[in-house]
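Heads up: the protein sequence lines correspond to chains A and B, in order.
266 is the number of the first residue of the first sequence in our numbering; add one for each residue after it.
255 is the number of the first residue of the second sequence in our numbering; add one for each residue after it.
FYI, nobody ran anything at the bench for these hints, they're computed from the structure.
Note that this is a predicted model, so its numbers are computed, not measured.
It is possible that some hints are incorrect.
[As the list claims (entries may be wrong)] The list that follows gives simulated cross-link-like pairs (lysine-lysine, DSSO-like), each with its CA atoms no further than 27 Å apart:
#1 B:Lys314 to A:Lys425
#2 A:Lys365 to B:Lys428
#3 B:Lys389 to A:Lys295
#4 A:Lys425 to A:Lys335
#5 A:Lys365 to A:Lys425
Okay, here's what each chain looks like letter by letter:
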Amino acid sequence: MSTETTKTSLTATPAQTIGPFYGFALPFEKGGELVPPGSPDSVALHGTVLDGHGDPIPDALLEIWQADAKGNVVAETGSLVRDGRTFTGWGRVAVGNTGKYVFTTVNPGPTEPGKAPFIAVTVLARGLLNRLFTRVYLPEDTEALANDPVLSVLEPDRRKTLIAERLADGSLHWDIRLQGEDETVFLDFHGQP
Amino acid sequence: MGEPVKSSDAAADNQAIVSQEIRDIEESYKAGRAAGAPAETQPRVDYAPYRSSILRHPTKSLHHADPETIELYSPAFGHQDVHALESNLTIQHNGEPLGERMVLRGKVLDGDGRPVAGQLVEIWQANSAGRYIHKRDQHPAPIDPNFTGVGRCITGPDGSYEFLTIKPGPYPWKNHLNAWRPAHIHFSLFGTEFTQRMVTQMYFPGDQLFPLDPIYQSIVDQDARDRLIAKYNHDLTSPEWALGYEWDIILTGQKRTWTENEAYGEQGDDEH
Numbered sequence: 266m267s268t269e270t271t272k273t274s275l276t277a278t279p280a281q282t283i284g285p286f287y288g289f290a291l292p293f294e295k296g297g298e299l300v301p302p303g304s305p306d307s308v309a310l311h312g313t314v315l316d317g318h319g320d321p322i323p324d325a326l327l328e329i330w331q332a333d334a335k336g337n338v339v340a341e342t343g344s345l346v347r348d349g350r351t352f353t354g355w356g357r358v359a360v361g362n363t364g365k366y367v368f369t370t371v372n373p374g375p376t377e378p379g380k381a382p383f384i385a386v387t388v389l390a391r392g393l394l395n396r397l398f399t400r401v402y403l404p405e406d407t408e409a410l411a412n413d414p415v416l417s418v419l420e421p422d423r424r425k426t427l428i429a430e431r432l433a434d435g436s437l438h439w440d441i442r443l444q445g446e447d448e449t450v451f452l453d454f455h456g457q458p
Numbered sequence: 255m256g257e258p259v260k261s262s263d264a265a266a267d268n269q270a271i272v273s274q275e276i277r278d279i280e281e282s283y284k285a286g287r288a289a290g291a292p293a294e295t296q297p298r299v300d301y302a303p304y305r306s307s308i309l310r311h312p313t314k315s316l317h318h319a320d321p322e323t324i325e326l327y328s329p330a331f332g333h334q335d336v337h338a339l340e341s342n343l344t345i346q347h348n349g350e351p352l353g354e355r356m357v358l359r360g361k362v363l364d365g366d367g368r369p370v371a372g373q374l375v376e377i378w379q380a381n382s383a384g385r386y387i388h389k390r391d392q393h394p395a396p397i398d399p400n401f402t403g404v405g406r407c408i409t410g411p412d413g414s415y416e417f418l419t420i421k422p423g424p425y426p427w428k429n430h431l432n433a434w435r436p437a438h439i440h441f442s443l444f445g446t447e448f449t450q451r452m453v454t455q456m457y458f459p460g461d462q463l464f465p466l467d468p469i470y471q472s473i474v475d476q477d478a479r480d481r482l483i484a485k486y487n488h489d490l491t492s493p494e495w496a497l498g499y500e501w502d503i504i505l506t507g508q509k510r511t512w513t514e515n516e517a518y519g520e521q522g523d524d525e526h
């Protein structure tokens with residue numbers, strides 16, 4: 266085990282906005298379908314990306330990365346060219362004209378016993394000069410949520426921005442607000458510039 | 255809410271107004287540096303001269319977190335995902351695209367100088383006339399029927415990538431009156447951890463539009479800005495064929511304790 270794992274010697278290249286014209290480069294067929302829609306145990310994760318006025322952002326791009334239903338972190342290729350059966354854990358969607366997005370996936374399992382399951386999310390948009398990282402947690406396991414190291418230190422009104430709402434159809438509803446009163450909690454990780 | 259926020263599409267202000275804002279921010283940054291403030295190595299997400307950023311940047315501090323489980327790994331990509339020919343943007347249609355053919359080569363390294371191998375690099379760009387193949391790009395420059403401007407590759411064992419493409423042209427973009435983007439190629443990158451994800455833009459040396467462009471200037475530190483500019487490399491230029499450019503990309507460091515079999519390339523990048 267190295268003790269130098271967080272030592273950084275090179276300065277990271279600066280980020281820039283994704284701009285509006287990623288449309289032919291980044292979205293791809295079935296990008297948001299981590300599992301085929303309608304397959305057993307499939308769950309829709311959906312919502313709207315909103316700006317500081319509460320207006321939908323029509324040119325945002327979202328990526329998710331998650332464990333499978335049993336909590337395993339998978340390392341399978343084939344996210345860009347899906348075979349319809351392999352769960353790769355990663356998906357990408359461009360929001361629509363009304364700022365709405367939808368992923369079809371499975372509920373992630375806890376990666377360790379007692380851990381609150383979450384889906385890691387990257388937010389990119391025209392006007393956003395660097396990507397944002399956040400998480401969306403499943404609402405059910407209240408004990409794990411209460412003990413989660415990220416959630417437990419947040420004020421209740423901030424904390425709720427990271428927890429999806431389970432709708433009657435089993436889907437997860439979660440809006441992303443880049444700015445404003447209910448601004449989503451965005452994360453930075455230790456050691457990042 | 256105060257004054258209504260100006261939309262990026264409004265072109266409500268002229269270059270002189272935006273350039274003054276850019277200069278004021280830079281002067282204030284330089285004064286801060288002289289007084290001992292740390293260098294800023296990433297763009298400011300709150301950068302008002304780029305009008306579209308005004309309503310789209312978080313106003314609350316980012317929440318510091320330790321990456322957990324899924325965030326310590328990256329999605330895997332391979333040759334099922336990307337065909338080898340996708341790195342050549344000049345052969346995607348029936349004929350040769352118009353413009354200045356260029357070879358673009360570099361390495362993707364992490365913050366400790368280790369090569370980022372087997373990861374996806376995606377690029378997209380305007381054609382040589384400064385026009386994107388996109389319905390929202392309505393700027394009256396010609397569409398090149400032989401150029402879509404999209405490429406992908408998987409990095410080699412040494413973190414290397416290479417594309418054959420056409421040098422993109424500058425284009426107008428309505429942030430303000432007479433706003434023109436410097437020529438650039440968009441890059442999307444993955445590291446070996448989710449937290450290393452990066453989207454950026456590569457620029458060309460000597461562009462006269464740099465001081466005027468709020469997106470480029472959102473990186474307030476000159477040394478940091480310079481990291482986005484490719485180097486012309488005459489040794490990479492091929493006779494009677496294509497000009498050569500080189501650009502290395504550094505992602506952030508890894509947080510995960512790495513194992514011996516990940517330890518290749520420990521010597522790092524000696525070009526920085």
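Checked hints:
no.	hint	in the structure
1	B:Lys314 to A:Lys425	holds, 15 Å
2	A:Lys365 to B:Lys428	holds, 25 Å
3	B:Lys389 to A:Lys295	holds, 21 Å
4	A:Lys425 to A:Lys335	holds, 25 Å
5	A:Lys365 to A:Lys425	holds, 20 Å
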